[in-house]
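Undergrad: Turn these sequences into a full structure, and let the hints guide you.
Chains as they are written, first to last, in my numbering: chain G, 1 to 338; chain W, 1 to 338; chain F, 1 to 338; chain E, 1 to 338.
By construction, these hints were calculated from the structure, which means they are not laboratory data. Any given hint could turn out to be false.
Pairs involving identical chains hold if they fit within one copy or between any two copies, as the list cannot separate such chains.
Unchecked claim - Here are the simulated lysine-lysine pairs, PhoX-like style, with alpha carbons at most 20 Å apart: (1) Lys61 / Lys45; (2) Lys144 / Lys156; (3) Lys278 / Lys61; (4) Lys195 / Lys144.
If you're wondering where the values come from, they're calculated on a predicted model, not measured in any experiment.
Number of protein chains: 4
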Amino acid sequence: MIIVMNQNATQEEIKKVIDKLTNTGLKAHVSEGSTRTIIGVIGDKKVIAELPVEAMAGVEKTVSVTESYKLVGRDFKQEDTIIDVGGVQIGGRQLTVMAGPCAVESREQLLESAHIVKAAGAQFLRGGAYKPRTSPYAFQGLEKQGLEFLAEAREKTGLKIVTEVVDVESVATVSAYADMLQIGARNMQNFQLLKAVGRTNKPVLLKRGLAATINEWLNAAEYIMSEGNYNVALCERGIRTFEDYTRNTLDLSAVAAVKSISHLPIIVDPSHGTGKWKLVRPMSRAAIAGGADGLMIEVHPDPSRALSDGKQSLTPENFSLVMQEVAQIGAVVGKSLL
Amino acid sequence: MIIVMNQNATQEEIKKVIDKLTNTGLKAHVSEGSTRTIIGVIGDKKVIAELPVEAMAGVEKTVSVTESYKLVGRDFKQEDTIIDVGGVQIGGRQLTVMAGPCAVESREQLLESAHIVKAAGAQFLRGGAYKPRTSPYAFQGLEKQGLEFLAEAREKTGLKIVTEVVDVESVATVSAYADMLQIGARNMQNFQLLKAVGRTNKPVLLKRGLAATINEWLNAAEYIMSEGNYNVALCERGIRTFEDYTRNTLDLSAVAAVKSISHLPIIVDPSHGTGKWKLVRPMSRAAIAGGADGLMIEVHPDPSRALSDGKQSLTPENFSLVMQEVAQIGAVVGKSLL
Amino acid sequence: MIIVMNQNATQEEIKKVIDKLTNTGLKAHVSEGSTRTIIGVIGDKKVIAELPVEAMAGVEKTVSVTESYKLVGRDFKQEDTIIDVGGVQIGGRQLTVMAGPCAVESREQLLESAHIVKAAGAQFLRGGAYKPRTSPYAFQGLEKQGLEFLAEAREKTGLKIVTEVVDVESVATVSAYADMLQIGARNMQNFQLLKAVGRTNKPVLLKRGLAATINEWLNAAEYIMSEGNYNVALCERGIRTFEDYTRNTLDLSAVAAVKSISHLPIIVDPSHGTGKWKLVRPMSRAAIAGGADGLMIEVHPDPSRALSDGKQSLTPENFSLVMQEVAQIGAVVGKSLL
Amino acid sequence: MIIVMNQNATQEEIKKVIDKLTNTGLKAHVSEGSTRTIIGVIGDKKVIAELPVEAMAGVEKTVSVTESYKLVGRDFKQEDTIIDVGGVQIGGRQLTVMAGPCAVESREQLLESAHIVKAAGAQFLRGGAYKPRTSPYAFQGLEKQGLEFLAEAREKTGLKIVTEVVDVESVATVSAYADMLQIGARNMQNFQLLKAVGRTNKPVLLKRGLAATINEWLNAAEYIMSEGNYNVALCERGIRTFEDYTRNTLDLSAVAAVKSISHLPIIVDPSHGTGKWKLVRPMSRAAIAGGADGLMIEVHPDPSRALSDGKQSLTPENFSLVMQEVAQIGAVVGKSLL
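TA: Rendered as structure tokens:
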């Protein structure tokens, strides 16, 4: 950490800051500029993080120079993490596609979706059994029955299942059915839930919060990993900005940014990211070209009958086109769809 | 809801949309403009909300004309809600001030804080026993012991206690100690938690999420109320924007906006809203002038020793000045500090 | 400036950075932390600002510790600037209110507006003769004729005139009629225009850009001052965020922030800031309570007939109520309306 | 336009709104829902746009259903616009790359840059002669001399020249040297400048404003086109959001969105869009995969000596790699680099 003193900080104020550092077991490295004094703080990261020096007289601001996370960083692990989900790999040279309806609506709808996405080449079936919804009066999901339909779809198609877990109570139940646990955007900083999935042995797909910086997102992954579960994949799904033509603003720069900071694989969800089915196809191509390890896409046998998010769901035909193009783009960046 | 058709939508596409509405038991009111057709949808709100017409051919967009919440709105209840917390009122002609440290750090720190804020005229003691933190390695709170210190502070000062509940598991425990349950910004859309506090008989302080629209915030309050707990106060604490001089952007317009839409009382937290103790005093005055029912302010006996948020905490002296000014501003808008 | 090196920067990379600094006439102050090296840069501000060290191998990021502006800062001038506009003061103990229609629409409308705002106590008449509009097909203002109506209104009422100048070409013309030149939000970084008004002897009202940080806004004021015109007042008018209930998000924290960094007076425009006439009254009170030196408010004899911004304009009656409350709030913070 | 009345609007209020419409020559199409009345407005777009009905009693809000632009839309022109710049085409099946230094710094630097980008396959040389800078004390460009160096580079390499024009005064001068005029992000709503370039016969590259919606951006293009200049290419260069890891958030969804709404070609600038040279390569690939017609990239012979934006400039080697990958991705989406 660097402490920037006010331009008119007194010698006494500077001394008090240095004393505080020394008393806390840290080292101060003082640098007197032409207009102000700057103090470099050297020592234990955790102690530094808790230091309330900005409340001291004469201090203008502090600047962090190290991140608070460890396990998610390239400093901790150089090589890319590859997650094995029952034989399907996420990360590395493979592209992973997770597709299916926004919500599990019925046995028929789910099985039909499963066969469609399997036929087009997806490895994972997605579908929400528990649905967090803005309004308490909106459809909240089939819950346990939805999980059973997902399990049946897996049996019938061999697809892996990824589905959302919305609270600590249901972690065990969802884990009994799913191959991978999804943490939704609204729960990205539900720290109790992160710790709970961190104590399971199930791979986790961690969606980025609507207003989460990359740094906060990586810290959320750190919560999971700090409990012992290292199988975390990140999922970029759009951030909230002033632009309202799209539902969210899909931040594809975050893909390359995450790749340079972290060893964790990263998936892109262009369906939630744009909110418009017409944009899903070009943004799927863009995501893979930009270095993503895979895609999460909403596909519905009949989007105009979907109980939620119909307007951002692809028809089977359009999904099939996406898969073909993704394979071609993947080849350019050295990745392939199995 | 209004359905706006594409400029080149065909008669058949328009007919299919109308048929879909009719088949779902809704009425369609068609209006042919000079360049495009618009369809007004009349019928049950809930059925309309679930309608995926945007996925239908020829549809450009849909526009909601009614909100999804009911109980929080002025249409449901005209007069202002006044919450009684053991004799202290929130809302109406009274100004309520909740003050204290960000986190409960020790028995001494808390009791000292309690005496300070009591002396200056606050009615509530705030202080986190469970602390949601961006990094898993930051101080996470004293948990149950923190609650015990809060209860002791209440006994010694008569102050009411408001403290955060971070998961469903601890709702019962926190309820056993606190007079009012706080839902933090990160949990504003933790719907399981909202429903859980909605099933208690404790008043709830619902902080606005970092990226929550006013509409989403009111829907979150609706989650609590729909479970039977009508004692909900809202708390504006800043939204996330591009401006980085302040920690967040305190959205004071939301106060008057909420007052016009909803009957619920609203509190402003200028400490988190600005992140800088120097801005807390002017923004406290501004909040009350703008119509807020009270304030939540971080006060610490010695901000430079605080374990969290020291830079946004007031000293006892500054807090006392705030209280004096707030009383004067309150008088102008017809409210008083007891 | 501080240069933060990568965790695995080599000694040679560090040496190259230091050499570059030394060769440019700057001093390097090296500080080796436990995990990375930090280099403090000491020397001429302007030279430092142009230094492209972030492109050098081994450099992670740079952090500015001094601002690029000078004349606008409290370091340059401690005491508050008070601008005298033909006897009316902006800043200091006086509250200044600028009111009138969004656009000058006709001689009758303007004169009527002028008498209304004069009667209620405003010192300035506002009204756009040149109107920047999102669409080329919207009403663009009466231009020169509008200026003549403004001048006539001044003669008849004694009000000062503040009106927008939209390009370098019309600076001389507008200056011939107006008492104060307004730079609109869209032109806050139209640097040629800033320099042009900086070469006049007319006071300038500089509106904050829709997406401008406080730092960029102050730098825009610096452009004007660096040309010799020190009579600059800032005007907060809302920033663009995700919230869409209001037209913009009025950032009242910026008032106190600007007051602590700069000596320039600051005015608040709650009409554009909120876009809703119902919010103008509470936000006017809040602005004054938060330390603003005055207000700019849209008032129209009949808002439902306004050619632009009718929905955010006050009726004469509501404006009169605002003036009464503003006077009362002003008294609490030691300011008065003349 | 649709007018949504308040839930408790009176019959008289509804009548007054309808009368206003009728008196203005518009038609009202009234639709009474279960809880509120909605009025569809039919008639002349321009008259509707200026209607201040939101200021009328009983009106809750209005909703636009048609956009204010005409010439930029697909409704006006179905097929893609292809701009011919002295034999080089922008749009259609060709990919256009504009590359070079942020600022023209010297004759040597520019000529060296020109040879580098020519060799790698770019068709345009970019380079600012007039530089809009946040601080008045930063390097502002070589101005006329910079233009002369650009013209010399064109002569020596055959590259087309695109350079920024920052005010109405210099439009003629810049036009005398450049093949294409660039409007920078800060000037996207400098309407006088837009109209001035609209009256030239030079193709225009219109950068998106930092906080501009797609709708506002298209309206800015409409300003240029409405003066008679139909050769407008759009340039996405990142929007301002809360994320601060990148300089801006490159909004690639805007590419596909613009393609579906408008016939104009669109270029992506990943250098300003990300602010980090390491992200330029993956985001260049992503832009082309997402449907962009070309790229604008900062390349500098020695980024660590650049007078501005060194940290986002590519070295000649990295630029060459980008060009190779772009050609491969282009092939997948049916486009080629000449």
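Undergrad: Each hint: holds or not?
TA: Each hint tested on the structure:
Proximity of Lys61 to Lys45 under the C-alpha cut-off of 20 Å is found in both arrangements, the shortest distances being 18 Å within a copy and 19 Å between copies. Taking the shortest alpha-carbon separations for Lys144 and Lys156, only the intra-copy value of 19 Å comes in at or below 20 Å, while the best inter-copy value is 48 Å. For the identical chains of this complex, Lys278 and Lys61 are inter-copy neighbours only, at 13 Å across copies versus 46 Å inside a copy, given an alpha-carbon limit of 20 Å. Taking identical chains as interchangeable, the C-alpha atoms of Lys195 and Lys144 lie at most 20 Å apart only when they sit on different chains, with a minimum of 19 Å there against 22 Å within one chain.
The structure fails none of the hints (numbered hints given earlier).
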